[in-house]
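Visitor: So you can see what is in the structure, the chains are spelled out below.
Number of protein chains: 2
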Amino acid sequence: MYRMMGAMLMSLAVALLIGPKLIARLRKLHFGQTIYELGPAHQQKQGTPVMGGLMMAAGILISSLAFHPARWKGAWDYILPLLGVSFLSMGVGFADDYIKAVRKRHEGLRPLQKIALQVLIAAGFSLYCYFHPQVGSRILVPFVNVEWDLGIWYLPLMTLTVLFIVNSSNLQDGLDGLLSTVSAISFSGWALICALLIALAGADNPEVSGVNTIGVFALSVTGACLGFLRFNRYPAKVFMGDTGSMLLGGAAVAAAMLLRRPLLLILLFFTPIMSSVSVILQRYYFKLTHGKRIFLMSPIHHHFEKKGYSETQIVSMYAGITLVLTLIGVLSVCVK
Amino acid sequence: MYRMMGAMLMSLAVALLIGPKLIARLRKLHFGQTIYELGPAHQQKQGTPVMGGLMMAAGILISSLAFHPARWKGAWDYILPLLGVSFLSMGVGFADDYIKAVRKRHEGLRPLQKIALQVLIAAGFSLYCYFHPQVGSRILVPFVNVEWDLGIWYLPLMTLTVLFIVNSSNLQDGLDGLLSTVSAISFSGWALICALLIALAGADNPEVSGVNTIGVFALSVTGACLGFLRFNRYPAKVFMGDTGSMLLGGAAVAAAMLLRRPLLLILLFFTPIMSSVSVILQRYYFKLTHGKRIFLMSPIHHHFEKKGYSETQIVSMYAGITLVLTLIGVLSVCVK
Chain A
23 MYRMMGAMLM SLAVALLIGP KLIARLRKLH FGQTIYELGP AHQQKQGTPV MGGLMMAAGI
83 LISSLAFHPA RWKGAWDYIL PLLGVSFLSM GVGFADDYIK AVRKRHEGLR PLQKIALQVL
143 IAAGFSLYCY FHPQVGSRIL VPFVNVEWDL GIWYLPLMTL TVLFIVNSSN LQDGLDGLLS
203 TVSAISFSGW ALICALLIAL AGADNPEVSG VNTIGVFALS VTGACLGFLR FNRYPAKVFM
263 GDTGSMLLGG AAVAAAMLLR RPLLLILLFF TPIMSSVSVI LQRYYFKLTH GKRIFLMSPI
323 HHHFEKKGYS ETQIVSMYAG ITLVLTLIGV LSVCVK
Chain B
23 MYRMMGAMLM SLAVALLIGP KLIARLRKLH FGQTIYELGP AHQQKQGTPV MGGLMMAAGI
83 LISSLAFHPA RWKGAWDYIL PLLGVSFLSM GVGFADDYIK AVRKRHEGLR PLQKIALQVL
143 IAAGFSLYCY FHPQVGSRIL VPFVNVEWDL GIWYLPLMTL TVLFIVNSSN LQDGLDGLLS
203 TVSAISFSGW ALICALLIAL AGADNPEVSG VNTIGVFALS VTGACLGFLR FNRYPAKVFM
263 GDTGSMLLGG AAVAAAMLLR RPLLLILLFF TPIMSSVSVI LQRYYFKLTH GKRIFLMSPI
323 HHHFEKKGYS ETQIVSMYAG ITLVLTLIGV LSVCVK
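The listed protein sequences derive, respectively, from chains A and B. The opening position of the first sequence corresponds to residue 23 in my numbering, with each subsequent residue numbered one higher. The opening position of the second sequence corresponds to residue 23 in my numbering, with each subsequent residue numbered one higher.
Extracted from the complex, chain A is given alone in its bound form (with noise of 0.2 Å):
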């Protein structure tokens, strides 16, 4: 337990002691927000720096890689497969903001080129759980406590489910402090979920080393959001740019893949999912009516904005929703 409080506090200290250097040094080399033009008025932010997710990626870096508990053997399955999925969805989103600041135009990598690149991301990483032995082809079910064992159908579904996650995620990014507050809570949750799963084991047996890692590794997460927080808060000098929330989605689909239990994900991370619902249902009823919308504008914190909403208000309402749900499903790991 001291590993994970000793990740979350080093991650902390160092996503704040880099935060002010990062966005004077982004501010230079003018890397920019280009705010889109379709948007609700967002004018006055045109230029704050992007690209602020690296503050929560070398928190995270150092901090997980310093507390993770790297005597025990399979440390290292647990704790490299968690980094490299988180940032290598990164780098997707990295070159995507790059492009748009050095190219000065709204749009990055071309869609093609992101979608290739987080398949081969989704795919390795489905693959890899496939056939870890602690992970493997069962997912755990809330609440019925079942094990399903989707056999080679992981696979596509799990690379799917990656995809989902982190586009979701960096969909859910468009407010000030939204998505670090949400992912500051759920990542949290599955601290807590692998604090509950060490205490019912026991934490004298083998197995709760690599539950301890993924711990270790949230909580390196929520500090970093945390920190981050101190500089993205409303009214924000610095945003995390795709950089920043790719980071989180993949984050957060490799925390509960590892813990075989990627169903909570709808619970964990369910706002950002339901940006990714908004964005969809909207296009298909759009489509479908010629025209017409079910929302103001999607994805749906774009509408509650039209709505009159302000920015704080959206952020509490979804860091409320996010308290309720992670808690349920935190607490649903020790039910029987």
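Treat the hints with caution; some may be incorrect.
For identical chains, the list gives no copy identity; a pair is met inside one copy or between any two copies.
[To be verified] In silico DSS-like links for lysine-lysine, alpha-carbon gap of 25 Å or less: (1) LYS259 <-> LYS67; (2) LYS50 <-> LYS67; (3) LYS67 <-> LYS329; (4) LYS329 <-> LYS43; (5) LYS136 <-> LYS50; (6) LYS259 <-> LYS328.
Keep in mind that the hints were calculated from the coordinates and are not lab data.
Based on the hints, put chain B in the right spot on chain A.
Guide: Then chain B, alone, in the frame of chain A:
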């Protein structure tokens, strides 16, 4: 665990449902806030209804009675003192709010009346815990896992603790959404501590029913805070008043003492305690130096306001600090 989830959801629903009617009713009765003339520029808040805490009280009362394990014969030994301390503390706050609202003056109960009533509640509850077979005079020291037998000193020390916590909670309540956000996180922490203690003991252990009752109560408070926050977030439509802040303070100290972990309040209830400490420091420093101040204004959240932070920034900061310290407190119960 289903009981805890149910209590949270029901409490949230009750607060959300009665919220609009309660606010309308308070407005009609002209139970509006009389803003303290010496405070920061909050004049636009003049007339915002107080006593919104009644919304939380209804949620907590209904849901914790509905979901606590009533069939277990010892259940009432936990739920009655929890509700007793919370609602009696609330009663003092309510009397204060009521007198202010009806007489339209800034001061409510006379300080001596207030303290006398609080001492009665605090001493009564300390005596109750002292003679409770599962509580007694031994408190647990976090991290080192040592039991510390306070003996007869338990009574005066815990009486002071109750007084200190209830009034700290009251002092913290000064910005839109501040105490409700902090409490939502903090009481989630108490519930998760209960869940971890149950997991560590094994759910079949008969002693866990008491812990389960505290968990149900704690999540009913979290639900109530989140429901209330719907109306209390910036810009606030209602304030909780002393009614609400003393209710929350009473609830926190009651849960902590029945879990024999009052020292964990330093982590889980850190920011309210910080508010109190800032007031005490300010007062002593002022007296010692004959007129100098440490903070621009106390409690310390007004200091931050005077420094130019917005209300939502301060709430975000306090929430982050509370989340970090609550996670450390929760994980500390697993340390062996």
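Visitor: It remains to establish, for every hint, whether it holds in the given structure.
Guide: Okay, the hints, checked on the actual structure:
no.: 1; hint: LYS259 <-> LYS67; verdict: within (9 Å within a copy, 28 Å between copies)
no.: 2; hint: LYS50 <-> LYS67; verdict: within (17 Å within a copy, 41 Å between copies)
no.: 3; hint: LYS67 <-> LYS329; verdict: both (20 Å within a copy, 24 Å between copies)
no.: 4; hint: LYS329 <-> LYS43; verdict: between (37 Å within a copy, 23 Å between copies)
no.: 5; hint: LYS136 <-> LYS50; verdict: neither (27 Å within a copy, 58 Å between copies)
no.: 6; hint: LYS259 <-> LYS328; verdict: both (23 Å within a copy, 20 Å between copies)
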